[in-house]
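Residue numbers (my numbering), protein chains in the order written: chain A, 94 to 406; chain B, 1252 to 1745.
Heads up, a few of these hints could be off.
[What the hints assert, rightly or not] Chain A stretches covered by chain B per the calculated footprint, using a threshold of three residues with CB under 8 Å from any CB of chain B:
{"no.": "1", "region": "160-174"}
{"no.": "2", "region": "177-183"}
{"no.": "3", "region": "240-252"}
{"no.": "4", "region": "313-325"}
{"no.": "5", "region": "328-341"}
{"no.": "6", "region": "361-372"}
[Stated by the list, open to error] Simulated restraints on C-beta separations:
{"no.": "7", "chain 1": "A", "residue 1": "MET211", "chain 2": "B", "residue 2": "ILE1666", "range": "52 to 60 Å"}
{"no.": "8", "chain 1": "A", "residue 1": "ALA124", "chain 2": "B", "residue 2": "HIS1318", "range": "56 to 64 Å"}
{"no.": "9", "chain 1": "A", "residue 1": "GLU196", "chain 2": "B", "residue 2": "LEU1466", "range": "32 to 40 Å"}
{"no.": "10", "chain 1": "A", "residue 1": "ILE205", "chain 2": "B", "residue 2": "LEU1466", "range": "39 to 47 Å"}
[What the hints assert, rightly or not] From chain B, some residues computed to sit far from chain A (all C-beta separations above 12 Å):
{"no.": "11", "residue": "ILE1253"}
{"no.": "12", "residue": "LEU1394"}
{"no.": "13", "residue": "LEU1457"}
{"no.": "14", "residue": "MET1511"}
{"no.": "15", "residue": "LEU1581"}
Simulated from the structure, these hints should not be mistaken for laboratory data. Using N, Cα and C, we set each Cβ at its ideal position, and we do this for glycine too.
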Amino acid sequence: MSDDGRTGTGPLPVAALDDPHLAPYAKRPQAVAAVAAVSMAVGIVGVIGFGVSYWVGNQTQWQAATLGVGLLGLGFGVAAWGKYLMPQGPFVEERHASHSTEEERSAMTAAIVERGGMVVKRRKVLGGLFALGSAVFGVVAAFPLIRSLGPKPGRTLFATNWRRGSSVVTVDGRRVRPSDLEVGGVLTVFPGGHEGNSPDQTILIRLEQLAPGQGELVLQSPGRSDWTVQGIVGYSKMCTHLGCPVGLYQEQTTELVCPCHQSVFNVRAGAVPEFGPAPRPLPQLPLAVDADGYLVAAGGYDQAVGPGFWERP
Amino acid sequence: MIDKSLRWLDDRLGVSKGGRTFLDKIFPDHWSFMLGEIALYSFVVLLATGVFLSLYYVPSAHEVIYHGSYAPLRGQRVSEAYASTVGLSFDVKSGLLMRQAHHWAADVFLGSIAVHMARVFFTGAFRKPRELNWIVGITMLILGIANGFLGYSLPDDLVSGTGIRIAYSIIESIPLVGSYLAFFVFGGNYPGNGVIIPRFFVLHVLIVPAVIVGLLAAHLGLLVKQKHTQFPGKGKTERNVVGSPMFPTFMAKTTGFMFMVTAALFLLGGFAQINPIWQFGQYQPYQISYAVQPDWYMGWLDGALRVMPSWEWVGWGHTWPLEVFIPAVLFPGIVFNLFIVWPFLEAKFTKDTAYHHLLDRPRDRPKRTSAGAAVLMLLFMLFCASSTDVLANYFHISLNTVLVTFRFLVVLMPIATFFVTHAICIEMQRAEGVGRRKRAVVVTRSATGEFATYDADVRPGDGHEELEAIPVPTYIDLTPRHLATGPGVRRVMR
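Same shape as in the complex, but just chain A (with noise of 0.2 Å):
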């Protein structure tokens, strides 16, 4: 609070009541005033409503109906009185500046430096203790107040739950054969005994109806002719820009779509980005079938999946 204004030793202004600085804004004073007092009478009027209105029920729209209404009319009339009814002025107040003398400033300044400087040359062993046991006690709290926070990451971004022979589960658990799936059908799958774990979400899908041994999709990346089953491809479901599930897919152009950025990774080609900011294409899942016929991983990803971070190589 400012304490450099008036101080009590100038003559203090007095004003007459007729004074024009003290005359209400409005030009109809008493219309003013009516429309003021109407309009805190609705005000109280709609404050009771919206006690009414908890009472009785529990109607959003009638509670905020009356509850607006009510603090509008209250707020419009004492808005009003202040505006129209009150002593406008304009009245003036002094600027007195902020800012210390000369003599002040030097005062401050050797106080601070010739004061403050003289006990630490005096002593400079003691000063330097005490910088040191404040550098070191920084050094060690930092461990509880951030070390504690969370595990270090070590190689946990690199590795999923999927390993080769994992077996292809829903995140309900049911084992997936390549039956369930019909051509441009799609299914989030997981590593059995890990459902719903993030890192591990697959999506599934199919592109074209092979039945076994009638050949395998030809997918335009090279050294992965093995990698589908009759005609079903997995890639990792977290999207290589922000690691949101790539759960969008246009059947007509085999595109699988990001939702949050728009990235779009092209799904014969390798699931490699044709748009949007993602950088890298979505890691694919090697799959096979096992002896009774359900799906099963032939392999863990090969890489780290989801969004790019330091360590990657």
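Following the hints, put chain B in place on chain A, whose structure we already have.
This is chain B only, laid out in the frame that chain A set:
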């Protein structure tokens, strides 16, 4: 009674000396000074409704079966956070009103801060001696955006959970320390070990609001200490402030305004549905829906992430996720730091070390005005770019076309805005009488057929009376002095 209690207080604290000055504090009468008040009163509503919500919200990721009154969710496995948020919306009386008013208040809070900040910027109110208050204000803006994000993340619904996922990946994208930071914040690899909801909760309801309250006190304290700026006008100088006194005129007006802002927020909260989390469902890291947009104040960051090309760089044995780091970390860092250093940059380049209490008209500072307009245009373009999918869908244009267009617009529009604004400022400076009310022009024809024009006289009733500014009177003498129109009354033309 009042005299007695004031004496008691003054004996102990000496309140009367400064208190009287405080009651006399002059508030300039200008509508643009109410923008900050909207922010202040939205914050009051945020605190009040937030306390209400915190009595029912359970900050826990623990899984429960929903048994509340919203039938479509019954029997589903949801987190306690989600169940309690749906519960306080439907099973607590007035809960939905409070929750939606809280959400609306947050959106209005940040909106009014943005407009208030624009007013301060374009009128040059940030100049010496008010640089500190400018920085305090920007810090509150940053904290407000952060707390808005933390707050709408708490319900653990499908939309906000996606936002948390993105936040994780943004932290992860920071070179050198990113994965460590992300693991520390989330307590492990995403989605962490269930600590993120309680951590966001304590940040949202305690730590960030406490800092904002402290900064708010500093903001208002500095405002009282340094006094208001004012627009130039008759009787207004660099050495005074002209307007209405704190008590009672301003106090009545602002109290009324507080009630009206509160009313507006509750009307919005009751009639304009916002964030219907029961429609989105519980967040699952492997689920997503279409048209996932954040609250408006995060839109510019989302848009920046969308328009950024996929410039991940792999080198020196490391991955540099620049396609995330640049738009989501570096860019906002540059923007906010630019805001903070602007007063000092401007003072340096204009070699202006004087005190400024009179405000600028934006047109009189064309460079500053165009720079501000360009930055606003950049942010607005990025905000629009956060809806590329919705725009493409709505107008039936290819998503690719929309995005490529925005990549151009984000660069070109701010540049065009700069030059257009600059030209407009210069034009307005030159134009005679812009911003003044027109006076009738009388055309006469002389006997010889010659035409002549002149401005019409001021007609009675034009303009209004204005007074000389006087100090706020201490004593009001009840006896009339027969000063119907006292000295210093003048009729002014607006």
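Hint check results:
1. Check result for the region 160-174 of chain A against chain B: holds, 14 residues qualifying (beta carbon to beta carbon below 8 Å, three or more required).
2. Note: the region 177-183 of chain A has 5 residues with beta-carbon separation from chain B under 8 Å; the three-residue rule is met and the coverage holds.
3. Check on the region 240-252 of chain A: 8 of its residues sit with their Cβ under 8 Å from a Cβ of chain B, so the three-residue criterion for coverage holds.
4. Note: the region 313-325 of chain A has 0 residues with beta-carbon separation from chain B under 8 Å; the three-residue rule is not met and the coverage is violated.
5. Counting residues of the region 328-341 of chain A whose CB lies closer than 8 Å to any CB of chain B gives 8, which reaches the minimum of 3, so the coverage claim holds.
6. Remark: the region 361-372 of chain A is confirmed as covered by chain B, as 6 of its residues place a Cβ nearer than 8 Å to a Cβ of that chain, reaching the required three.
7. In this structure the hint that MET211 (chain A) and ILE1666 (chain B) lie 52 to 60 Å apart at CB holds, the actual value being about 57 Å.
8. For ALA124 (chain A) and HIS1318 (chain B), the hinted distance range of 56 to 64 Å is satisfied, since their beta carbons lie about 58 Å from each other.
9. With their beta carbons about 33 Å apart, GLU196 (chain A) and LEU1466 (chain B) fall inside the hinted range of 32 to 40 Å.
10. As the Cβ distance of ILE205 (chain A) to LEU1466 (chain B) is approximately 26 Å, the hint placing it in 39 to 47 Å is violated.
11. Even its closest Cβ contact with chain A, about 19 Å, leaves ILE1253 (chain B) beyond 12 Å, as expected for a residue assigned away from the interface.
12. At the 12 Å boundary, the C-beta of LEU1394 (chain B) stays outside the reach of chain A, the nearest C-beta of that chain being 20 Å off.
13. Chain A leaves LEU1457 (chain B) outside its interface by the beta-carbon criterion, the shortest separation being 16 Å against a cut-off of 12 Å.
14. A beta-carbon of chain A comes within 12 Å of the beta-carbon of MET1511 (chain B); the shortest separation is about 4 Å.
15. The claim that LEU1581 (chain B) is not at the interface with chain A holds, since no C-beta of that chain comes within 12 Å of its own (minimum 15 Å).
In this structure, the hints that do not hold are numbers 4, 10, 14, in rising order.
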